[in-house]
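Q: For reference, the chains in residue letters:
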Amino acid sequence: MFPVTTAHYLILSTTLLVIGTIGVLTRRNLLVILMSIELILNAVNINLVAFSNHLQNVNGQVFVIFVITAAAAEVAVGLGILIALFRNKETVHADEVDILRW
Amino acid sequence: MLLDSLLFYAFAALVLLGAVLTITLRNVVHCAVWLIATLLGVAGLYLVQGAEFLAGVQVIVYIGGIMVLYLFVIMLVPINEEVRQRRFAQQKWLAVIAAAVLATQLGILVSRGAGAFGLSAAGPAPEIGNITQNSQEVGYVLFSEYLLAFELASILLLVAIVGAVVMSKVRTES
Numbered sequence: 000m001f002p003v004t005t006a007h008y009l010i011l012s013t014t015l016l017v018i019g020t021i022g023v024l025t026r027r028n029l030l031v032i033l034m035s036i037e038l039i040l041n042a043v044n045i046n047l048v049a050f051s052n053h054l055q056n057v058n059g060q061v062f063v064i065f066v067i068t069a070a071a072a073e074v075a076v077g078l079g080i081l082i083a084l085f086r087n088k089e090t091v092h093a094d095e096v097d098i099l100r101w
Numbered sequence: 000m001l002l003d004s005l006l007f008y009a010f011a012a013l014v015l016l017g018a019v020l021t022i023t024l025r026n027v028v029h030c031a032v033w034l035i036a037t038l039l040g041v042a043g044l045y046l047v048q049g050a051e052f053l054a055g056v057q058v059i060v061y062i063g064g065i066m067v068l069y070l071f072v073i074m075l076v077p078i079n080e081e082v083r084q085r086r087f088a089q090q091k092w093l094a095v096i097a098a099a100v101l102a103t104q105l106g107i108l109v110s111r112g113a114g115a116f117g118l119s120a121a122g123p124a125p126e127i128g129n130i131t132q133n134s135q136e137v138g139y140v141l142f143s144e145y146l147l148a149f150e151l152a153s154i155l156l157l158v159a160i161v162g163a164v165v166m167s168k169v170r171t172e173s
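Taken in sequence, the protein lines are chains A and B.
Take the first sequence: its position 86, counted from the start at 1, is 85 in numbering that gives the first Met the number 0, and no numbers get skipped.
Take the second sequence: its position 149, counted from the start at 1, is 148 in numbering that gives the first Met the number 0, and no numbers get skipped.
These are computed hints drawn from the structure, not numbers from a lab.
Just so you know, even glycine gets a beta-carbon here, dropped at the ideal spot from N, CA and C.
A portion of the hints provided could be inaccurate.
Which bits of chain B does chain A cover? Going by a derived footprint, with three or more residues having C-beta under 8 Å, they are [what the hints assert, rightly or not]: (1) 65–73; (2) 133–141.
Simulated restraints, written as ranges between beta carbons of each label pair [to be verified]: (3) B:168 to A:100: 25 to 33 Å; (4) B:25 to A:86: 22 to 30 Å; (5) B:86 to A:55: 25 to 33 Å.
Same shape as in the complex, but just chain B (with noise of 0.2 Å):
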């Protein structure tokens, strides 16, 4: 229970860190890296909640695909000009509040259902170390269940390669 109590706080304040820098540094690729961080942190908040398949995905997907992704493209634009310009854009103060009213919002939302749902009682913890079945009830339910939406979604994941193609492509005069 310890050991659970203090990954959650270790993890958790990798990602918090690691979000803070993402929306805060100046060069694009030290935020990419930090955003890199905060992912490997939700990937250890799964580890801990006993959901071993998604962390593995988050890996795997969030890290090794769409962060790629996101550092190849950092590459086609100049990071040398892009470190001097202005990070924020004008409107910043006003953001913050309308943030600050949305974390207002949240925040009686949760203290309020914490203890109306039963939400401030631990969920049962599975036991660190201990592999669980969880790929094999995931995988159970994703291609029982929700056969349809996961094929719906792989036309969408091909879709969304077509359009970014298309859209990337050079359009030369015909």
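Isolated chain A (complex conformation) (with noise of 0.2 Å):
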């Protein structure tokens, strides 16, 4: 338990992936899918900021500025497609949008 060594934030991050790829997977509601991957990328995160520590190197912290980049575009992409198929489908629901579907 003590003291706090690097492998206890990798299986902090472990766990809080496998949380939200549930999410992902499970939940019907397209806004909480997209809060789901938010989790997935804030444990991609605390990885990279704990080998950042571990291993002295600030390259790991300046890669969690990209990632909080490209999830602040991914955000803005998805609620802006969201919106449009919300006022096209009526719907928020992922199972429900199965137009597409052979």
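Using the supplied hints, reconstruct the complex from the two chains, each of which is provided in its own coordinate frame.
A: Shown next as structure tokens:
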């Protein structure tokens, strides 16, 4: 338990990533699916900062900034798609959007 | 050292509790609020590890920007009707099994790697309450080594903004 090692952070980020994956796969609401993607990205960020601290190398923290940038772009486009979807189909449920299904 | 450990466990508990509630609660607004709690916990973990700049970025960009965007969109869709609907898709147990397999794989990876790569030794923890030169170091690397990537990231954001506007615009027949 004591002291907290890098492996502790890795276990935490693994758990967070699995929770996010369960959220993406099981929820029907597209907003919650997008939020679960945020959870996954944060798990990756925890990992990057933990290794940055472990190796005493600041490059990992710069990577986190780029991940946050990509997350912001993803959310902007994703929510734009969601608004367009809601305007056309009056739904925010992932399993009711099956117009491309063969 | 003890304070470090206690802070880690407190923030880790907040992160995991918030994450579980984010993916299980019925009301989307509650999900968003617990996601904010999770993101605050992650910012706290950055602070514990001495990444002060990232903790600030996390609070400003994630909580101040992204989560406000989420809440705006949540207000555009009807919540009252939403609460009465099914929360989980039909393939939920299959999805949980797949996630359990993923968890097992990653767990084996961490347990093997923890000994082999010296990860079970604590990284050099910064003194709490002692402001380091973290922002200066990050800024120096960001604007020298990663300058091209930084500019490309700004173009990515510009494209995303234009894309979001185009996507959510009301198209009128001309």
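Q: Indicate, hint by hint, whether the structure satisfies it.
A: Cross-check of the supplied hints:
Figure legend: the stretch 65–73 of chain B, annotated as covered by chain A; annotation consistent (5 residues with Cβ-Cβ distances under 8 Å, at least 3 required). With a cut-off of 8 Å between beta carbons, the stretch 133–141 of chain B has 5 residues touching chain A; three or more are needed, and the interface restraint holds. Hint check: residue 168 of chain B to residue 100 of chain A, Cβ distance near 27 Å, so the stated range 25 to 33 Å holds. With their beta carbons about 24 Å apart, residue 25 of chain B and residue 86 of chain A fall inside the hinted range of 22 to 30 Å.
Checked against the hint of 25 to 33 Å, the C-beta distance between residue 86 of chain B and residue 55 of chain A comes to roughly 44 Å, which is inconsistent with it.
Hint 5 from the earlier list is the only one contradicted by this structure; the remaining hints agree with it.
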